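J.: Protein chains in written order, with this note's numbering: chain A, 1 to 313; chain B, 1 to 313.
Since the hints were derived computationally from the structure, they do not count as laboratory data. None of these values were measured; they are calculated from a predicted model. Treat each hint with caution, since some may be false.
Unchecked claim - Listed next, the in silico BS3-like pairs over lysine-lysine satisfying Cα-Cα at most 25 angstroms (straight line):
| hint | chain 1 | residue 1 | chain 2 | residue 2 |
| --- | --- | --- | --- | --- |
| 1 | A | Lys266 | B | Lys266 |
| 2 | A | Lys118 | A | Lys30 |
| 3 | B | Lys58 | B | Lys266 |
| 4 | B | Lys30 | B | Lys58 |
| 5 | B | Lys258 | A | Lys266 |
| 6 | A | Lys266 | B | Lys264 |
| 7 | B | Lys266 | A | Lys293 |
| 8 | A | Lys258 | B | Lys264 |
| 9 | A | Lys264 | B | Lys264 |
| 10 | A | Lys7 | A | Lys38 |
| 11 | A | Lys127 | A | Lys187 |
| 12 | A | Lys258 | B | Lys30 |
| 13 | A | Lys264 | B | Lys127 |
| 14 | A | Lys264 | B | Lys293 |
| 15 | A | Lys266 | A | Lys26 |
| 16 | B | Lys258 | A | Lys293 |
| 17 | B | Lys7 | B | Lys187 |
| 18 | B | Lys293 | A | Lys293 |
| 19 | A | Lys266 | B | Lys293 |
| 20 | A | Lys214 | B | Lys26 |
| 21 | B | Lys127 | B | Lys105 |
| 22 | B | Lys258 | A | Lys264 |
| 23 | B | Lys183 | A | Lys214 |
| 24 | B | Lys258 | B | Lys26 |
| 25 | A | Lys214 | A | Lys246 |
| 26 | B | Lys191 | B | Lys7 |
| 27 | B | Lys118 | B | Lys53 |
| 28 | B | Lys118 | B | Lys105 |
| 29 | B | Lys293 | A | Lys258 |
| 30 | A | Lys183 | B | Lys214 |
Stated by the list, open to error - Partner residues are not named here, just some residues of chain B that face chain A (Cβ under 8 angstroms, in silico):
| hint | residue |
| --- | --- |
| 31 | Tyr93 |
| 32 | Glu175 |
| 33 | Tyr179 |
| 34 | Ala206 |
| 35 | Glu210 |
| 36 | Glu236 |
| 37 | Ile273 |
| 38 | Ala276 |
| 39 | Ile280 |
| 40 | Met307 |
C-beta: ideal position from N, C-alpha, C; glycine also.
There are 2 protein chains.
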Amino acid sequence: MYRPQIKVLDCTIRDGGLMNDWRFDKSLVKDLFSGLAKAGVDYVELGYRADKKQFSTKDNGPWRFCDEEDLREVAFECDTKVSIMCDVDRTDYNAFLPAKDSLVKLVRVACYVPDIDKAIHLGNHVKSMGYEVSVNIMAVSHALEPDLDEALDQLAETNFEMVYIVDSFGYLYSEQIHYLANKYKSKLPGKEIGIHCHNNQQLAFANTVEAIIKGMNYLDASIYGIGRAAGNCPLELLLGFLKNPKFDVRPVFDLIEKYFIDLKEKLRWGYEIPYAITGILNKHPRAAMAFMKGVHGRTFSEFYEEMLNVDDL
Amino acid sequence: MYRPQIKVLDCTIRDGGLMNDWRFDKSLVKDLFSGLAKAGVDYVELGYRADKKQFSTKDNGPWRFCDEEDLREVAFECDTKVSIMCDVDRTDYNAFLPAKDSLVKLVRVACYVPDIDKAIHLGNHVKSMGYEVSVNIMAVSHALEPDLDEALDQLAETNFEMVYIVDSFGYLYSEQIHYLANKYKSKLPGKEIGIHCHNNQQLAFANTVEAIIKGMNYLDASIYGIGRAAGNCPLELLLGFLKNPKFDVRPVFDLIEKYFIDLKEKLRWGYEIPYAITGILNKHPRAAMAFMKGVHGRTFSEFYEEMLNVDDL
Chain A
1 MYRPQIKVLD CTIRDGGLMN DWRFDKSLVK DLFSGLAKAG VDYVELGYRA DKKQFSTKDN
61 GPWRFCDEED LREVAFECDT KVSIMCDVDR TDYNAFLPAK DSLVKLVRVA CYVPDIDKAI
121 HLGNHVKSMG YEVSVNIMAV SHALEPDLDE ALDQLAETNF EMVYIVDSFG YLYSEQIHYL
181 ANKYKSKLPG KEIGIHCHNN QQLAFANTVE AIIKGMNYLD ASIYGIGRAA GNCPLELLLG
241 FLKNPKFDVR PVFDLIEKYF IDLKEKLRWG YEIPYAITGI LNKHPRAAMA FMKGVHGRTF
301 SEFYEEMLNV DDL
Chain B
1 MYRPQIKVLD CTIRDGGLMN DWRFDKSLVK DLFSGLAKAG VDYVELGYRA DKKQFSTKDN
61 GPWRFCDEED LREVAFECDT KVSIMCDVDR TDYNAFLPAK DSLVKLVRVA CYVPDIDKAI
121 HLGNHVKSMG YEVSVNIMAV SHALEPDLDE ALDQLAETNF EMVYIVDSFG YLYSEQIHYL
181 ANKYKSKLPG KEIGIHCHNN QQLAFANTVE AIIKGMNYLD ASIYGIGRAA GNCPLELLLG
241 FLKNPKFDVR PVFDLIEKYF IDLKEKLRWG YEIPYAITGI LNKHPRAAMA FMKGVHGRTF
301 SEFYEEMLNV DDL
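Work the whole structure out from these sequences, hints included.
T.: Rendered as C-alpha cells:
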C-alpha cells in the first residue's frame, strides 16, 4: 500500500534487548543501523534511556541506557532517525541533551493507562528540549474503557506528535484493532497514530496491516520479529507488503542472514505454545517466559489451566 | 466467535504428509484422531487417496492412499468425521467403497481453476457413492478472474456441499480474503464456503479469522501449523479463538507436547525467510523448499532477486 505518510520504526535493539539485557555487540548495532538506513526505514530505536541510579550498567548492556557517545559509535545523521524509549518512573530527567546536540530525534514515552499523567509530564519535559515525542500506551488490552478515553483526551491537549496503540500481550485481532484505531483517531485529531504488536498469536504482522488499512501511519517492526517472548511484527514482512519504492527489503534479509538466524537459536523469541497461551488469555507473558526457561515441570495443558485461573496484570 | 455452524477441519496428516511423504506412525495417527475427537474437531483429514498405479507404496507412507483398512486401525465412527483428499488426474475412480461401507464421510477434490471440469466429474462420481463432497480450488492467488468466475458458476450447478478458497502460496491478506469471500458467497448460494491458508507471511490464522468474520464456516487448520513449507493455520490458535463450548484446546496442547515439538525440529515446517519470499512474491514454494534443503549456495537476497525474475506457476 503506497501511502507516503507511512513511517516504519525498527525496534530490534530496544525490544529485542528484553531477551538479552541489551547486550548487542556494537559491531552488530552499527551494521544494523546502516543496513536499515539503506532499507529506507524511517526510525531506528536503539534502546531505552533508563535511569542509571535504578539500573546497573553491570547487569545491563549499553542499549538500556543509550548514552550519546555509545549512539555515536553506531549511528550517524541521515534520513533514518534515531529513536529511544523511556519508561515513566525509570527515567532521569537530567539525562537528555538539548535535541540540537543529540543524535536522538524521537523519544517515546512508554506507560500504562494509569500512569498517563506521569507520561505527559515526562513528555512535556522532553518536548521542551526539542525532541519529537510519542506516548506509547502499553497493554491496551487491559485498559478500562473510561480510563483509556480520559488518557486520550489528555493526550489530545499536548503537543506530542504521536500516540501508539501497543498490544503488549499479543491478544488483539483485527476487529479490536479497528475499534481502537477509530477511537484513537477520533480522540486525537491532528496526531499521528502508531501501532506496536506482539506476535503471541501470529497476528503481529496481520494487525499491523489492519492498522495501515485504518489509516495509522507509524508502524513498529523488528528484524526477524525479534522482541520479548513471541516477539514483534517482522520487519521483512512489513517491507515486503509496503509498496513505497523508498523501502528495500534486501538489506534486512542480509542482516537476518548475518546475525539473526543464529541469535534466534540462542535467544528463542517467536511462536511457542506458552506464549500462545498467554496471548489467547490476554495475560502478561512473564509466566510463559518463566515456563520457557525452566525445566518443564508442568505440561502445556497444566500451564493453560494455571493461566485460566490466575488473575494478574 | 460463537457460531454453531462453524466446522473445523484438521489437515495435519494430509498436508503435513507433504513434509514426510505421509510416513506418520499409526500410533501417532491413532492418538491424533482420538485427541482431536476429544477436542471437538469436526473433520480429520487423514490423507490423500492417491492412485496406486501412479504412486508407489514403497516411496509413500499409508496416508497418501488411505486404504479403508488403514483408516480403521486409527479412526472410528464418532461425531468427528474422517475426510480424505483427492487430486484430479491422480485418483482411481474405483478406489471408493459406497459411503455407507466406508469410514470416510467427506471427500475433498483438489484442483486448479483450469481443471474445474475434471474436478466436477470426479466430485459427481464420489457424490453418487454417497459422500459429502468439497471442491478445493488451489492457488486462487494465481487464478484469472473470468476463469475463476466461470469455475464458481459451474460449481453452483452441482450438489456438492462445500467449496474452498485455498491460498496455496500464502500470498493473500485480509482485503483479498474479503474480496474472495464476497465473490464465493454471491456465486455459490446455498453452499458452505471453506478456507485453507498457508503461513508464508504469518497470515494463515489471521486470514482464517477474516474468513470467519465474512461468514465462512469451514475452517482448515493443523496441529502446531504443520504443513507444506511454511505450514497452515495452527489449530491451537483457531480453537483458542473460537468460543463454541464444544471445542477444547487442551488435547491439542497434549498432542503438540507428545509429538509435534520434536517433529518440527525434524521436518522444519513454519516461518522461514525463503518461504516468506515466495509468499510475498505470490510464487509456488517449491524453489524455497529446494533452498531450505540445499547447501545455501545463495544468500536470501540472491534468492529474492531470482524469485523476482522468475515467472512460474
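J.: Now look at each hint and say whether the structure bears it out.
T.: The hints, checked one at a time:
no., hint, verdict
1, A:Lys266 - B:Lys266, "holds, 18 angstroms"
2, A:Lys118 - A:Lys30, "violated, 33 angstroms"
3, B:Lys58 - B:Lys266, "holds, 21 angstroms"
4, B:Lys30 - B:Lys58, "holds, 22 angstroms"
5, B:Lys258 - A:Lys266, "holds, 24 angstroms"
6, A:Lys266 - B:Lys264, "holds, 17 angstroms"
7, B:Lys266 - A:Lys293, "holds, 22 angstroms"
8, A:Lys258 - B:Lys264, "holds, 24 angstroms"
9, A:Lys264 - B:Lys264, "holds, 16 angstroms"
10, A:Lys7 - A:Lys38, "holds, 15 angstroms"
11, A:Lys127 - A:Lys187, "holds, 21 angstroms"
12, A:Lys258 - B:Lys30, "violated, 43 angstroms"
13, A:Lys264 - B:Lys127, "violated, 49 angstroms"
14, A:Lys264 - B:Lys293, "holds, 20 angstroms"
15, A:Lys266 - A:Lys26, "holds, 18 angstroms"
16, B:Lys258 - A:Lys293, "holds, 19 angstroms"
17, B:Lys7 - B:Lys187, "holds, 21 angstroms"
18, B:Lys293 - A:Lys293, "violated, 30 angstroms"
19, A:Lys266 - B:Lys293, "holds, 22 angstroms"
20, A:Lys214 - B:Lys26, "violated, 48 angstroms"
21, B:Lys127 - B:Lys105, "holds, 11 angstroms"
22, B:Lys258 - A:Lys264, "holds, 24 angstroms"
23, B:Lys183 - A:Lys214, "holds, 23 angstroms"
24, B:Lys258 - B:Lys26, "holds, 14 angstroms"
25, A:Lys214 - A:Lys246, "holds, 22 angstroms"
26, B:Lys191 - B:Lys7, "holds, 14 angstroms"
27, B:Lys118 - B:Lys53, "holds, 19 angstroms"
28, B:Lys118 - B:Lys105, "holds, 21 angstroms"
29, B:Lys293 - A:Lys258, "holds, 19 angstroms"
30, A:Lys183 - B:Lys214, "holds, 23 angstroms"
31, Tyr93, "violated, 40 angstroms"
32, Glu175, "holds, 7 angstroms"
33, Tyr179, "violated, 13 angstroms"
34, Ala206, "holds, 3 angstroms"
35, Glu210, "holds, 7 angstroms"
36, Glu236, "holds, 6 angstroms"
37, Ile273, "holds, 6 angstroms"
38, Ala276, "holds, 6 angstroms"
39, Ile280, "holds, 4 angstroms"
40, Met307, "violated, 11 angstroms"
Hints 2, 12, 13, 18, 20, 31, 33, 40 from the list above are not met by this structure, while the remaining hints are.
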